[in-house]
Amino acid sequence: MNTIANQIAQGRILVSDGAWGTFLQQKGLGAGQCPELWNLERPGEVLEIAQSYILAGADMIETNSFGGNSFKLASYGLSDKVYEINKAASQISRRAAGADRYVLGSMGPTGKIIMTGEVTYESLFEAFRQQAVALQDGGADALVIETMSDIDEAKAAISAAADGTKCEIICTMTFEKTDEHAYHTMMGVTPAQMTEELVCSGAAVIGANCGNGIRDMIGIVKEIRSVNKTIPVLIHANAGAPVYRDGQTVFPESAEQMAEFIGELIDAGANIIGGCCGTTPEHIKRIAEIVKSRNIT
Amino acid sequence: MDNSDLLAKILECVEFGKVNKDAPFPPNMKGQDGADELTKLALERGIKPSEILNDALIKAMEIVGQKFSDKKIFVPQMLISAKAMNASMAHLKPYFQSGEVKRKGKFIIGTVAGDLHDIGKNLVAMIVEGAGWEVIDLGVDVNSQKFIQSIKENNSEAVGLSALLTTTMQNMKSIAQEIKAQCPSVKLIIGGAPVTEQFKIEIGADGYARDPQGAVSYLNSLVA
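Just so you know, the sequences run in chain order H and S. Going by this note's numbering, the first sequence wraps up at 297, each residue one higher than the last. Going by this note's numbering, the second sequence wraps up at 224, each residue one higher than the last.
Next comes chain H alone, as it looks inside the complex:
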């Protein structure tokens, strides 16, 4: 299969998948339960999520392994199951993807901060390497290091993935709008700084995920493009910022509302578009329709 970056270089826009965490919750994942354990205990339901996005028109599907690093799994007493859980995650998504769609092994942050002294760069590197290898062994084509705030943690993950696997490496960070025209991660990284540092570190695709909805993503992509015209950019936006309503947290943007901004996002320079928290197969279906029409013209 052609690489993702090659397809982008040929001018194609690609569609990624939507939310996993909020989807698992709908299927009954409770507070305090380990989402990744479902790969071993309820693989059928994980497969259903992956299949629903493929059916909606996604060109690529992530894996249920966002919190699958040894630091996160340790809090559930599962640190000895890193390999098993991540390999199973890729195998499930591979089943849904078949041979002609990409499987992106999801790698989220560890929740530890290097500068507090609670972890070292080396220990993060080791944890990410272990996870990346397992995801590749289960059949991942690419790895998506996502929801990063700290540039050093992102770089540790990229280096570890490059060291341990032959997978294409995607890395996206999570930005918040900090004033009229500025975006920063929780750790103060700007989209421009991310672009410069992650491209140097060896990411084949960069971008942004989560956050406060698709409108912000347009500004973020513009800032990325102001410093780099060619690096492929992936955007996984939330279905708006979460609101609390009648005892439940809702992500308010409908598929239609999100769809309104897809054209502008592509014009700004995004190459791969999917969703994050609160997006559903319906959102991905609408995105796929728009992307399809753009790829023809």
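Just to be clear, a hint being listed does not mean it is correct.
[Claimed, not checked] 16 Å max Cα-Cα, derived EDC-like pairs, lysine to aspartate or glutamate: (1) K146/S <-> E100/S; (2) K102/S <-> D55/S; (3) K229/H <-> E197/H; (4) K173/S <-> E134/S; (5) K71/S <-> E180/H; (6) K9/S <-> D70/S; (7) K27/H <-> E45/H; (8) K27/H <-> E41/H; (9) K112/H <-> E176/H; (10) K93/S <-> E157/S; (11) K67/S <-> D179/H; (12) K40/S <-> E51/S; (13) K72/S <-> E223/H; (14) K67/S <-> E157/S; (15) K292/H <-> D267/H; (16) K180/S <-> E157/S; (17) K173/S <-> D246/H; (18) K72/S <-> E176/H; (19) K72/S <-> D179/H; (20) K48/S <-> D5/S; (21) K200/S <-> D246/H; (22) K177/H <-> D70/S; (23) K104/S <-> D55/S; (24) K71/S <-> E197/H; (25) K71/S <-> E176/H; (26) K93/S <-> D70/S; (27) K173/S <-> D206/S; (28) K177/H <-> E223/H.
[Unchecked claim] Anything over 10 Å on all C-beta distances counts as not near chain H; from chain S, calculated: (29) K71; (30) Q77; (31) P94; (32) L116; (33) I119; (34) R210; (35) N220; (36) S221.
Since the hints were derived computationally from the structure, they do not count as laboratory data. Every residue gets a Cβ at the ideal spot worked out from N, C-alpha and C, and that includes glycine.
With chain H's structure known, arrange chain S on it following the hints.
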């Protein structure tokens, strides 16, 4: 350097995160004494520990908390300031223990049951401690029993519940109700990414803070 210059210098060290002489950060203060050395010097000169606390540390951490709230600085700068504050505070600990310096009150904090995220909770704990409160941090995945036991043991004025996840935010409700039933006089404040003012009202909490400085404002209003 007279005494007020010395206090101003300690304030600057905490505001910009100059921990001690060897600390490489911030680069423009390289080689200079940090919060550690200057606090020691201040005590040797006979400056009252309460003056160091009130006129340097609390003021510095208020500036830091406000800059964080205004998104002028981010988590790393706040962590390094807290580190400098702790270096200074270490010299003041004996005076807290002897009772010579009084803090504003006791604040218990924890991330609620089912939730393992501690970054936000830790930032609140640092800023509240920097505001002159004694902070008792119960960690993550804290159930109502642990909160209640600690409130009773410490006879604390206030308790803070943190949650990052929309799922675990629901646990705040039952924990808040049990705390209120067992410890009716304690003030209960909540925070975390998905938490809102409306949610505070719904679960019967006393305060909601959207950032660490908001928690300080609320707590200080209790003892004002």
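Results for each hint:
1. K146/S <-> E100/S: Roughly 30 Å between the alpha carbons, so the hint for K146/S and E100/S is violated.
2. K102/S <-> D55/S: holds, 14 Å
3. K229/H <-> E197/H: holds, 15 Å
4. K173/S <-> E134/S: violated, 25 Å
5. K71/S <-> E180/H: holds, 12 Å
6. K9/S <-> D70/S: violated, 24 Å
7. K27/H <-> E45/H: holds, 8 Å
8. K27/H <-> E41/H: Status holds; Cα separation ~13 Å.
9. K112/H <-> E176/H: Not satisfied, since the Cα-Cα distance of roughly 20 Å exceeds 16 Å.
10. K93/S <-> E157/S: violated, 21 Å
11. K67/S <-> D179/H: holds, 13 Å
12. K40/S <-> E51/S: holds, 13 Å
13. K72/S <-> E223/H: With a Cα-Cα distance of about 19 Å, the restraint between K72/S and E223/H is violated, given a limit of 16 Å.
14. K67/S <-> E157/S: violated, 27 Å
15. K292/H <-> D267/H: holds, 15 Å
16. K180/S <-> E157/S: holds, 13 Å
17. K173/S <-> D246/H: holds, 13 Å
18. K72/S <-> E176/H: holds, 13 Å
19. K72/S <-> D179/H: Holds: K72/S and D179/H sit about 10 Å apart, inside 16 Å.
20. K48/S <-> D5/S: holds, 15 Å
21. K200/S <-> D246/H: holds, 13 Å
22. K177/H <-> D70/S: holds, 12 Å
23. K104/S <-> D55/S: holds, 15 Å
24. K71/S <-> E197/H: Distance of about 22 Å is beyond 16 Å: violated.
25. K71/S <-> E176/H: holds, 10 Å
26. K93/S <-> D70/S: At roughly 31 Å apart (the allowed maximum being 16 Å), D70/S and K93/S break the hint.
27. K173/S <-> D206/S: Given that 16 Å is the threshold and the Cα spacing comes to 12 Å, the pair holds.
28. K177/H <-> E223/H: holds, 12 Å
29. K71: K71/S not clear of chain H: closest Cβ-Cβ about 4 Å, inside 10 Å.
30. Q77: Answer for Q77/S: violated, closest chain H Cβ roughly 7 Å.
31. P94: P94/S is indeed farther than 10 Å from all Cβ atoms of chain H, at 25 Å.
32. L116: violated, 5 Å
33. I119: violated, 7 Å
34. R210: The claim stands: R210/S keeps its Cβ more than 10 Å from every Cβ of chain H (closest is about 13 Å).
35. N220: holds, 25 Å
36. S221: About 25 Å separates S221/S from the closest Cβ of chain H, which puts it past 10 Å; holds.
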